[in-house]
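Undergrad: The primary structure of each chain is shown beneath.
There are 2 protein chains.
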Amino acid sequence: MEKCAQKYKKLDNNDVKFLVDLLGQERVFTGKDINDDFSHDELGGVSKYPDAMVEVLSAEEVSKIMAYAYENNIPVVGRGSGTGLVGSSVPIEGGIMINMTQMNNILEIDEENLTLTLEPGVLLMDIAKYVEDHDLFYPPDPGEKSATIGGNISTNAGGMRAVKYGVTRDYVRGLEIVLPTGKILELGGKVVKNSSGYSIKDLICGSEGTLGIITKIILKLLPLPKKSISLLVPFPDLETAINTVPKIIKSKSIPTAIEFMQREVILAAEEFLGKKFPDNSSDAYLLLTFDGNSKEQIEADYEKVADICLEEGALDVYISDTDERKEAVWSARGAFLEAVKATTTEMDECDVVVPRNRVAEFVKYTNDLQKQFNIRIRSFGHAGDGNLHVYILRDDLSKEEWEKKLSDIFDCMYKKSEELDGLVSGEHGIGYAKKKYMFRQYGEDYIALMKNIKLAFDPKNILNPGKVCE
Amino acid sequence: MEKCAQKYKKLDNNDVKFLVDLLGQERVFTGKDINDDFSHDELGGVSKYPDAMVEVLSAEEVSKIMAYAYENNIPVVGRGSGTGLVGSSVPIEGGIMINMTQMNNILEIDEENLTLTLEPGVLLMDIAKYVEDHDLFYPPDPGEKSATIGGNISTNAGGMRAVKYGVTRDYVRGLEIVLPTGKILELGGKVVKNSSGYSIKDLICGSEGTLGIITKIILKLLPLPKKSISLLVPFPDLETAINTVPKIIKSKSIPTAIEFMQREVILAAEEFLGKKFPDNSSDAYLLLTFDGNSKEQIEADYEKVADICLEEGALDVYISDTDERKEAVWSARGAFLEAVKATTTEMDECDVVVPRNRVAEFVKYTNDLQKQFNIRIRSFGHAGDGNLHVYILRDDLSKEEWEKKLSDIFDCMYKKSEELDGLVSGEHGIGYAKKKYMFRQYGEDYIALMKNIKLAFDPKNILNPGKVCE
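Chains as they are written, first to last, in full-length UniProt numbering: chain A, 1 to 470; chain B, 1 to 470.
Honestly, the hints are just simulated from the structure, not real lab data. Certain hints may be false.
No copy labels: a pair is met if it fits in one copy or bridges any two.
What the hints assert, rightly or not - Cut-off 20 angstroms, straight-line C-alpha distance, at most; resulting in silico cross-link-like pairs (PhoX-like, lysine-lysine):
#1 Lys371 - Lys164
#2 Lys364 - Lys48
#3 Lys276 - Lys460
#4 Lys416 - Lys364
#5 Lys226 - Lys250
#6 Lys220 - Lys250
#7 Lys276 - Lys227
#8 Lys247 - Lys220
#9 Lys227 - Lys275
#10 Lys252 - Lys220
#11 Lys252 - Lys129
#12 Lys416 - Lys183
#13 Lys9 - Lys326
#14 Lys295 - Lys226
#15 Lys129 - Lys250
#16 Lys405 - Lys371
#17 Lys304 - Lys250
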């Protein structure tokens, strides 16, 4: 772990007393009382316990803790469900971890302005259900439904429907944040347009908890599309499958989602869930969704796309138009990460994004790396938006072999991504684990500017230090 | 004009020689050779000539000029078509104006990634036509079609279709910018998703040329909707018209655009264009557009909305489904600003944005101000997204009376907007003219953060000084 030039104050009994006086004993955890979960996230290869973990219930509490930490030079990390994959929420300098999960109230649904106002600890699965009950729709749909919306906004994870609907940032209308100094700011609001000064809201989205702590959110909603269908399309091989995607995009029928998957991953998901996937006989699949308000329009769209798939070499086209059948394929898709994880001892992932017409080239390259490095690599992801999730599996490698191979493979993958005009992360962020690759791609001037921006918000560098750009 | 604490170097013969050596005599203008147009924009009540106006053809030229200016502490302003309304492109500290309008090449249309790569000087009207010829669609649609795309991104002006499609920022995938130091950065790219560090691209959008100069742009395109229709809906009065809008939104049929207009403005447009509007007998109108790929879907949507309008008190519903009839109403709408301007000696405008269900209250308030201040006020705008354009007309007021009344009226309007949870600018920006009102609404901490961000990009404060937050 890199050393921070600046020395932080180590949490002492007085600091803990401040926290207990503010929050009560039952919301302040120290030492052995801190659950192991809070020392790591889901991947990222980094772990460290905070000196204190506190549960907060209001922006005012966050503000008081931040102001105290600022005054006393104590590092602070905000944390949601801890489902990140790059170590963003790991308190690598110790200090105070602010657990935001108890701030989980939905505050208002406004059907005249089509907005949802809520606290950052609400889970994505709860948002989806809540708005659907009001016949409304929140399009961003990351695979990990137990993530909090606050954490999701912090990485700007866009999920499956970005092809048609865009990413999380596009649905964030307003934020309340607590700055590293403890000041509370309201950014944006219920308004649809905003050209009133620098868009700090858009900068906070994707800043991985390094510029401010999100304490309230106003989301943009859409009317719930009345119909949706999914197509599962088997192909003889992955290259043929993925090469079909740019042709679909070019055809001007925009599906809601286009995912790609390979048989090995489907088999792992079947095993993991104890449920059969509708088909597992082919090497590679595209899974597409179409949504809209009229059956005719959706049919016209998917028939055109089905024809393109068949022309390009698809073996068949399975249509899922009942909730049950859609559930069967999409629940398998949702379990891929966990399913792959369950087949090995340890894994790490590469979350590059490349232009849509370069996906096939990238996936082919990762397949070649399997042979070159004699290691298992599994990938799936968002063929429709160019965002890949490529998992490198440790299996029975020794720690040394694993670390060496992983580092070499990452090196190859991120170089390849750069060559294809891609970027280091499509949605999982940079955090701690991917800094090296972002630094290499962006170069000195770009990173220097990011560091300046960080200092503009956080002159003492106490909020989530050691992440993203430093 | 406020005094800048920091002293800039006054342009001298050596500096002009540097520019001439770099660009050639024919692209460097000084003194009397600078056209009056370059001393002001379309409104904003501020004017000042640059010491030199230069035309550039490449990012490298911009970079060399910026590096020289940075080295020598000379202020620089970038400028597109100069169609701004708040003085953003007026060189209030003199120095060098970089005219970007000759960098007007469309570089690439990529139908597999649905992107358009272009230079900042391309005009909005040329983008619209170019992509339509490829059966593609660039949704942002500000009223002023002779704006450059670079200028448009600098204010994040969203235009008429924000109701359904969002604003300009949502369609900017990548930018090349020149920093105040002269360094060139590439931000984003053709990729659909990006969580690779702070989103500097999103911060540049709407920063009104104060953080960097945009030299290349990658826009996101959509397939061109196959059908569109417009509805012109007369109402007995404006309040009834505008109060209908939240009910339309709540009905879950999202039109592409919902504009409101009053008879006085329509009459002015008829006079200005020398063409009849389809109807001018009613006090107030809503103008709606619906687009999509299927006639059936559009019909279902607009029939539902037409019914809502009639239930809420509309006098009739006129359907424009031919290109000719749509052209007649929308060309009138496009001419409103110029038409109103032509009826008076001078005017200024308020571009607030309020939540959609507060528009009626705001417009009613501005109507009341007419009587209170005995002045003509004309408004039109985007009822569907809450962004209003309210024009205060000088007519035959003396300079003193005009300045006093204008200041008092602005004061009232921006206070009212704040009361309604609105913001100072929906799309025209803050520039020079609206700083006072933004400062009042945001308060010290917020403005201090913006200034820090400005300094993170521009430590010598040489790029477009005196705008937005300082």
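Undergrad: Against each hint, give a clear statement of whether it holds in the structure.
TA: Results for each hint:
no.	hint	in the structure
1	Lys371 - Lys164	neither (35 angstroms within a copy, 48 angstroms between copies)
2	Lys364 - Lys48	neither (36 angstroms within a copy, 58 angstroms between copies)
3	Lys276 - Lys460	neither (54 angstroms within a copy, 64 angstroms between copies)
4	Lys416 - Lys364	within (11 angstroms within a copy, 59 angstroms between copies)
5	Lys226 - Lys250	between (26 angstroms within a copy, 15 angstroms between copies)
6	Lys220 - Lys250	between (28 angstroms within a copy, 13 angstroms between copies)
7	Lys276 - Lys227	neither (25 angstroms within a copy, 42 angstroms between copies)
8	Lys247 - Lys220	between (31 angstroms within a copy, 17 angstroms between copies)
9	Lys227 - Lys275	neither (26 angstroms within a copy, 44 angstroms between copies)
10	Lys252 - Lys220	between (26 angstroms within a copy, 13 angstroms between copies)
11	Lys252 - Lys129	between (31 angstroms within a copy, 18 angstroms between copies)
12	Lys416 - Lys183	neither (43 angstroms within a copy, 25 angstroms between copies)
13	Lys9 - Lys326	neither (53 angstroms within a copy, 67 angstroms between copies)
14	Lys295 - Lys226	both (9 angstroms within a copy, 17 angstroms between copies)
15	Lys129 - Lys250	between (33 angstroms within a copy, 19 angstroms between copies)
16	Lys405 - Lys371	within (12 angstroms within a copy, 77 angstroms between copies)
17	Lys304 - Lys250	within (12 angstroms within a copy, 33 angstroms between copies)
Violation of the numbered hints given earlier is confined to hints 1, 2, 3, 7, 9, 12 and 13; the remaining hints are satisfied by the structure.
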